[in-house]
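Participant: Sequence:
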Amino acid sequence: MSEVEQGGNDDAAPHCPPHPGFVRGFCSICGAREEDTEGGALGVVAGTESEMMKQGGDDNAASCSHHPGFVDGLCSKCGAKEGAGGSASTLAAARNIYGDPVMQASAPTTNVPRAPDRATLLRTKKLILILDLDHTLLNSTRLNDFSAIERGQGFTRNIKDDPSLELFRVEPYGIPMLTKLRPFARSLLAQASAMFEMYVYTLAGSVYAKENVKLLDPDGVYFGERIVSSLESKRPDMKNLDVIPGAEDATVVIVDDTDAAWPLHQDNLILMDRYLYFASECRRFDYQIESLAERGLDEREHDGALAVVLDVLNRVHKGFFDSVHEHDGHCADVRAVIREVRGQVLRGCTVVFSLSESLDELEYEEDSPIWDLAEELGAVCELDVDETTTHVVAEDPDTEKAQWARDNIKFLVNPDWIKAAGFWWRRQDEQDFPVNRETAE
Numbered sequence: 004m005s006e007v008e009q010g011g012n013d014d015a016a017p018h019c020p021p022h023p024g025f026v027r028g029f030c031s032i033c034g035a036r037e038e039d040t041e042g043g044a045l046g047v048v049a050g051t052e053s054e055m056m057k058q059g060g061d062d063n064a065a066s067c068s069h070h071p072g073f074v075d076g077l078c079s080k081c082g083a084k085e086g087a088g089g090s091a092s093t094l095a096a097a098r099n100i101y102g103d104p105v106m107q108a109s110a111p112t113t114n115v116p117r118a119p120d121r122a123t124l125l126r127t128k129k130l131i132l133i134l135d136l137d138h139t140l141l142n143s144t145r146l147n148d149f150s151a152i153e154r155g156q157g158f159t160r161n162i163k164d165d166p167s168l169e170l171f172r173v174e175p176y177g178i179p180m181l182t183k184l185r186p187f188a189r190s191l192l193a194q195a196s197a198m199f200e201m202y203v204y205t206l207a208g209s210v211y212a213k214e215n216v217k218l219l220d221p222d223g224v225y226f227g228e229r230i231v232s233s234l235e236s237k238r239p240d241m242k243n244l245d246v247i248p249g250a251e252d253a254t255v256v257i258v259d260d261t262d263a264a265w266p267l268h269q270d271n272l273i274l275m276d277r278y279l280y281f282a283s284e285c286r287r288f289d290y291q292i293e294s295l296a297e298r299g300l301d302e303r304e305h306d307g308a309l310a311v312v313l314d315v316l317n318r319v320h321k322g323f324f325d326s327v328h329e330h331d332g333h334c335a336d337v338r339a340v341i342r343e344v345r346g347q348v349l350r351g352c353t354v355v356f357s358l359s360e361s362l363d364e365l366e367y368e369e370d371s372p373i374w375d376l377a378e379e380l381g382a383v384c385e386l387d388v389d390e391t392t393t394h395v396v397a398e399d400p401d402t403e404k405a406q407w408a409r410d411n412i413k414f415l416v417n418p419d420w421i422k423a424a425g426f427w428w429r430r431q432d433e434q435d436f437p438v439n440r441e442t443a444e
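Numbered by the numbering used here, the letters in the sequence shown go through residues 4 to 444 in order.
Do not take every clue at face value.
[Said to hold, decoys possible] Computed cross-link-like contacts, SDA-like style, restricted to lysine to any residue with a CA-CA straight-line distance of at most 25 Å: (1) Lys321 - Ser190; (2) Lys128 - Ala253; (3) Lys217 - Glu304; (4) Lys321 - Asp270; (5) Lys163 - Asp220; (6) Lys217 - Pro116; (7) Lys404 - Cys352.
Source of the hints: derived by calculation from the structure; they are not laboratory data.
These numbers were taken from a predicted model, which means no experiment stands behind them.
Throw the hints in and build the complete structure from the sequences for me.
Facilitator: Right, here's the structure in full:
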């Protein structure tokens with residue numbers, strides 16, 4: 004296998020329909036609108052979060068001569084229609100693709116260790132940290148899902164563990180897979196463990212989750228038994244703190260790549276860039292790009308996505324316990340601290356958006372996503388320039404406001420300056436985001 008270079012950061016979704024479930028009206032895997040789908044949701048979580056619903060496919064059907072069971076008329080392993088061949092086992096009739104029983108909303112298991120209470124957390128100066136698994140700390144794919152380019156790079160069914168590249172074979176439920184740890188994942192856990200009591204929360208099966216957590220934490224010093232999987236989760240399409248006994252919103256920080264997975268806990272969430280190392284992931288999310296594995300690249304350790312998250316976690320932890328000291332521990336709420344840390348990023352900046360006839364005005368008007376992001380980061384957004392303006396955001400260098408910014412020695416940046424600040428949780432160097440003919444095209 005060719006040596007993987009660090010640098011680059013790409014993204015990646017499974018084969019729907021059938022759809023496993025809908026969050027806010029969209030399929031939790033492929034993003035299809037619920038009203039546009041014919042078959043609706045299957046109602047089970049199938050496999051890892053990165054391939055929760057990989058149904059169908061000739062390769063899978065060929066390898067599933069004895070179907071373990073059927074859900075809604077489809078084989079729970081390969082997706083073949085019932086009656087198309089093979090046999091079903093009554094015992095496994097309601098299993099997902101990695102073998103965990105499909106849990107009903109009314110009867111999840113409750114084997115998750117209890118979270119420390121507030122008094123204990125304050126005494127030990129720790130908070131609760133809940134980490135997603137797939138696409139956040141690692142990425143997995145089946146051995147028969149490598150692309151032709153990946154096979155040319157040495158990714159074959161006979162691939163062995165390569166600790167130097169943090170590539171490991173796992174076989175949950177006898178299904179051969181390859182897992183790639185995200186750069187800096189182990190360093191993040193080592194440093195975060197001094198500040199947080201940590202849990203993994205994934206919608207994948209329990210065996211898959213435990214096998215992959217063991218790669219990250221072989222001695223169990225970071226997570227122990229604090230692993231939440233589909234077996235414990237009450238819903239197949241969303242996550243909720245109520246599956247962790249004793250967890251309080253005011254002391255929980257969540258790190259996940261999917262905000263829609265946490266509809267009831269958005270204020271606790273630190274949303275991060277999705278890690279999609281393999282080509283199968285890019286195909287599932289309909290990204291028409293080469294995967295990191297295909298290009299022989301990877302995220303960088305020192306300033307990649309997880310290093311950014313660690314920096315944010317440090318600031319949130321410090322802000323919370325500073326608040327504890329100021330208010331004698333009674334009012335500190337991590338949700339307020341996350342908002343405050345987020346709101347410091349562009350504090351002191353007054354932003355005006357410059358439009359041109361070729362641009363969609365709705366893209367930059369009040370309450371547009373980019374306007375809302377700027378305000379979330381602490382900037383003041385105005386419709387017109389004046390002496391308080393610090394930044395003009397434009398794509399066309401020839402607009403009247405863009406010229407005003409140059410004449411008045413104000414920052415003139417393209418919209419990616421705001422987006423990058425949101426991703427990195429820090430104000431970016433304006434010179435790296437110039438407005439020129441290329442941004443106008």
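Participant: Okay, which hints does this one fail, numbers in order?
Facilitator: Result: no hint breaks.
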